[in-house]
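In the working numbering, the protein residues as written are 838 to 917.
One thing to keep in mind: the hints can contain errors.
What the hints assert, rightly or not - Listed next, with one range per pair, are the computed distances between beta-carbon atoms:
#1 Q917 to E868: 29 to 39 Å
#2 T880 to E905: 14 to 24 Å
#3 S884 to R852: 16 to 26 Å
#4 G865 to S890: 10 to 20 Å
#5 A906 to D869: 30 to 40 Å
#6 E909 to K889: 10 to 20 Å
#7 D869 to D902: 13 to 23 Å
#8 Q917 to D869: 27 to 37 Å
#9 I864 to E909: 16 to 26 Å
For the record, the hints were derived by calculation from the structure and aren't laboratory data. Model, not experiment: these values are computed from the prediction. Glycine residues also receive a C-beta, built at the ideal position from the N, C-alpha and C atoms.
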Amino acid sequence: MRWWCSRVLGRIDTRSAARMFGAKFTIGWDEDMAIAPLYKPPTMPSSFLIDKSGVIRYTHAGHYDGEEATLEQEIQELAQ
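Starting from the given sequences, assemble the full structure and let the hints guide the process.
Pasting the structure below:
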């Protein structure tokens with residue numbers, strides 16, 4: 838699993854979030870914001886869950902309270 842962040846969040850916030858959530862996966866830093874335009878996010882933050890073949894399986898625009906359970910379920914499904 839990989840987590841890509843753009844400078845919209847800020848480098849320090851990204852590192853802090855990774856540490857706070859105990860991320861045990863690769864985190865990429867999109868310094869030049871070259872990755873985000875490829876996915877054309879409708880808003881920030883946006884999340885794209887991509888399967889092992891590189892296909893976008895789930896998209897989440899924005900962040901909403903209570904969405905964590907749905908994201909966790911989708912991540913677990915893709916991790917199988």
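Going down the list of hints, with the structure as the test:
1. Q917 to E868: 29 to 39 Å: holds, 33 Å
2. T880 to E905: 14 to 24 Å: holds, 18 Å
3. S884 to R852: 16 to 26 Å: holds, 18 Å
4. G865 to S890: 10 to 20 Å: At 19 Å between Cβs, range holds.
5. A906 to D869: 30 to 40 Å: holds, 34 Å
6. E909 to K889: 10 to 20 Å: Holds - the Cβ-Cβ distance for E909 and K889, about 18 Å, lies within 10 to 20 Å.
7. D869 to D902: 13 to 23 Å: For D869 and D902 the Cβ distance comes to about 32 Å; the hint is violated.
8. Q917 to D869: 27 to 37 Å: holds, 34 Å
9. I864 to E909: 16 to 26 Å: holds, 18 Å
Checked against the numbered hints above, the structure breaks only hint 7 and satisfies the rest.
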